[in-house]
Amino acid sequence: MKLNLPNKITLARMIIVIFIIIIALFPYASVGWTVPVLFTIGETPYTLTRVLIFILFIVGSISDFVDGHIARSRNIVTVFGKFLDPIADKLLVNVLYMILAAWGEIPVIIPIIFIIRDTIVDAIRLLAIDQHVVIAASKLGKAKTVTQMVAMCLILVYVPYSIWVVYLAGLVSLISGIDYFIKNRHFLLKGADYDGKK
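Our numbering numbers the first residue of the sequence shown as 14 and each following residue consecutively.
Watch out, some of these pointers could steer you wrong.
To be verified - Using 20 Å as the maximum straight-line C-alpha spacing, the simulated DMTMM-like pairs for lysine to aspartate or glutamate come out as follows: (1) Lys196 / Asp143; (2) Lys21 / Asp77; (3) Lys155 / Asp135; (4) Lys196 / Asp135; (5) Lys152 / Glu118; (6) Lys155 / Glu118.
What the hints assert, rightly or not - Label-pair distances were calculated between CB atoms; the ranges are: (7) Ala136 / Val44: 18 to 26 Å; (8) Tyr174 / Gln144: 38 to 46 Å; (9) Tyr59 / Ile176: 39 to 47 Å; (10) Ile176 / Asn17: 34 to 42 Å; (11) Ile71 / Lys21: 33 to 41 Å; (12) Trp46 / Arg198: 49 to 57 Å; (13) His82 / Phe39: 32 to 40 Å.
Read the hints as simulated data drawn from the structure, not as lab findings.
Virtual Cβ for every residue (Gly too), placed ideally from N, Cα, C.
Construct the entire structure; sequences and hints are all you get.
Below you can see the structure in the form of structure tokens.
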């Protein structure tokens, strides 16, 4: 299968996620490696791994805008791209939040909220597609994405009190998920009383 440029960029974003996982979770100490500190701001040290993860996250976030822009401007939107793009986006965000939770930098409830919300939304979207309906992204959904990415950038560079932005992202995600469910619950309820008889 020959992929167009937007789809290649989307796949590259998924590869970025793999590199982030390797960099973040590699057992450096067990193999005798010491992660160097590149620079210090105030009393806060910024290690090579932290800086690399931040750069990869920024590149991945920018690629999310670039692939969609190219696909729409050149009229080369594909079904494959529509399927893969949201998966790549959620992998980039949710994996990094799970890593931060594993490091003890954020409460584990935050990525749990993100994952549950995304699972419910994706389930409803699949049911809608099965009924030949495409649900457009809501303003709350877009706000959720923005707050997630802003919070991630702030927490990665140790901005003071950035944990409150993470809590805000969790709250916006929760509200957007509830809003999405209420507005589109008929896709879940439609045919729920079907008993298989004709």
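Would the hint linking Lys155 and Glu118 be met if the CA-CA limit is 20 Å?
violated (25 Å)
Quick check on a hinted range of 39 to 47 Å for Tyr59 and Ile176, using CB atoms only.
violated (18 Å)
Has the hinted range 18 to 26 Å been met by the Cβ atoms of Ala136 and Val44?
violated (41 Å)
Can you let me know if the beta-carbon spacing of Ile176 and Asn17 is within 34 to 42 Å?
holds (40 Å)
Would the pair Lys196 and Asp143 pass a check requiring their Cα atoms to be no farther apart than 20 Å?
At roughly 17 Å apart (the allowed maximum being 20 Å), Asp143 and Lys196 satisfy the hint.
Lys21 paired with Asp77 [C-alpha distance capped at 20 Å]
holds (12 Å)
Looking only at beta-carbon atoms, does the pair Tyr174, Gln144 fall within the given range of 38 to 46 Å?
holds (45 Å)
Given a hinted range of 33 to 41 Å, is it respected by the beta-carbon distance of Ile71 and Lys21?
For Ile71 and Lys21 the Cβ distance comes to about 19 Å; the hint is violated.
Decide if the proposed pair is consistent with the structure: Lys196 and Asp135, CA atoms, cutoff 20 Å inclusive.
holds (14 Å)
Given the hinted pair Lys155 and Asp135, is their Cα-Cα distance within 20 Å?
holds (15 Å)
Taking the Cβ atom of Trp46 and the Cβ atom of Arg198, is their distance within the range 49 to 57 Å?
holds (51 Å)
Does the Cβ-Cβ separation between His82 and Phe39 fall within 32 to 40 Å?
holds (34 Å)
In the structure shown, a violation is registered for the earlier hints numbered 5, 6, 7, 9, 11, in ascending order.
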